[in-house]
Each structure stands twice: as structure tokens, then as C-alpha cells.
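K.L.:
All chains should be modelled from the sequences, with the hints used to inform the complete structure.
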Amino acid sequence: MNSISLETSICSYRTALRNYALRFTHNLDDAEDLLQETMLKALRYANLYKEGTNLKAWLYTILRNTFINDYRSKSKWTSVIEVNEDLSSQQLRTSASNNLAENKFMSGDIQTALGSLPEEYRVPFLRYFEGYKYHEIAEELRIPIGTVKTRIFMARQQLKSKLRMYSDTYRKRSA
Numbered sequence: 001m002n003s004i005s006l007e008t009s010i011c012s013y014r015t016a017l018r019n020y021a022l023r024f025t026h027n028l029d030d031a032e033d034l035l036q037e038t039m040l041k042a043l044r045y046a047n048l049y050k051e052g053t054n055l056k057a058w059l060y061t062i063l064r065n066t067f068i069n070d071y072r073s074k075s076k077w078t079s080v081i082e083v084n085e086d087l088s089s090q091q092l093r094t095s096a097s098n099n100l101a102e103n104k105f106m107s108g109d110i111q112t113a114l115g116s117l118p119e120e121y122r123v124p125f126l127r128y129f130e131g132y133k134y135h136e137i138a139e140e141l142r143i144p145i146g147t148v149k150t151r152i153f154m155a156r157q158q159l160k161s162k163l164r165m166y167s168d169t170y171r172k173r174s175a
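The numbering of the sequence shown is UniProt numbering, which starts it at 1 and goes up by one.
Hints in this document: simulated from the structure, not taken from any laboratory.
Source: prediction; values computed, not measured.
Watch out, some of these pointers could steer you wrong.
[As the list claims (entries may be wrong)] Derived pair list, reagent style SDA-like, types lysine to any residue, alpha-carbon separation capped at 20 Å:
#1 Lys41 <-> Tyr60
#2 Lys149 <-> Ala138
#3 Lys41 <-> Thr8
#4 Lys160 <-> Glu120
P.N.:
Structure follows, in C-alpha cells:
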């Protein structure tokens, strides 16, 4: 199957995929986002599709895995916050302005730390952070899966070392 006919076939499943995505997300906007991400991945990895196999099942698998990966990455970043006291608008304004300044510095430090990583560590780490699995990264970069794991581990170690000041700060705040 040539790439144009494969792309046409992939697009023909758009409605069925949207309905499938809606069952996961229960929200039309989120379903559209999931559908778009699925279509992009399908087109990006079209070379991995084996002609003669079930295209619809392949697309459904990509959609399901994308949802699961997004859910995992979001669950790492979300937390429940309980407020047991009433805060005045002045306290909130002061807190928000402090947080903006801190976040700006932290974001800059993170970008600097990421930029200082060797490219061989940075690329796999960023892919992993985006929600890709080890084997997907290995296929994309055409390197062994063990090498991917090692490079992500080394990137984490270097980032922990360079961003240690934030770790100590947050430990003190949560104590």
C-alpha cells in the first residue's frame, strides 16, 4: 500500500476513531484532541504498519495507548489541593505574584539544565517526558531499548544534580 492510499485509509476511520475516543474521554474537546494526536502518530509511524493487517485495529490500539500514556503523564502532574482556611484577596494576590516570579526562574533553570544535556541524552528524555514508551523511542532513534533506558537514566541524574536546589526547597515547604 503506498503512502497516499494509507493516509486516505487512515482518514476514512476518523469518525469511528472520534466515537471511540469519546468513550475514553467523555468530553468532545478532549476526544478531538485525542483523535488528532492519534492521527498524527498514525501518519508519523505509517512505515511501521504491516500491509494486510487490520488497519482499524492498529489505529484503535494507537488511540488507546495514547490515551493511557496521556493519563499516566497527567496523573504524575496533578494532585488534590485542600484549602482549610479562607484566604483574603490580598493574600492570594501576593502569593500569585510570588509564584509567578518563582515559576519564571524555575522554568528558566529547567530549560538551561535541559539545554546543557548532551543531545544523545536530551532527545530520549524529552520523548519519554512527552509520554512515549521505551520501545517507541528506540524505534524512532534506531537504537537498542537498553541504550534508551540508560540515556534517560543518565539525563535524570544530570537534571537532578543541576536542579537540586529546587528539591531541597520543596522538601522544606512540605515539611
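K.L.:
It remains to establish, for every hint, whether it holds in the given structure.
P.N.:
A quick look at each hint next to the structure:
1. Lys41 <-> Tyr60: holds (12 Å)
2. Lys149 <-> Ala138: holds (9 Å)
3. Lys41 <-> Thr8: holds (15 Å)
4. Lys160 <-> Glu120: holds (17 Å)
The earlier numbered hints are all upheld by this structure, with none contradicted.
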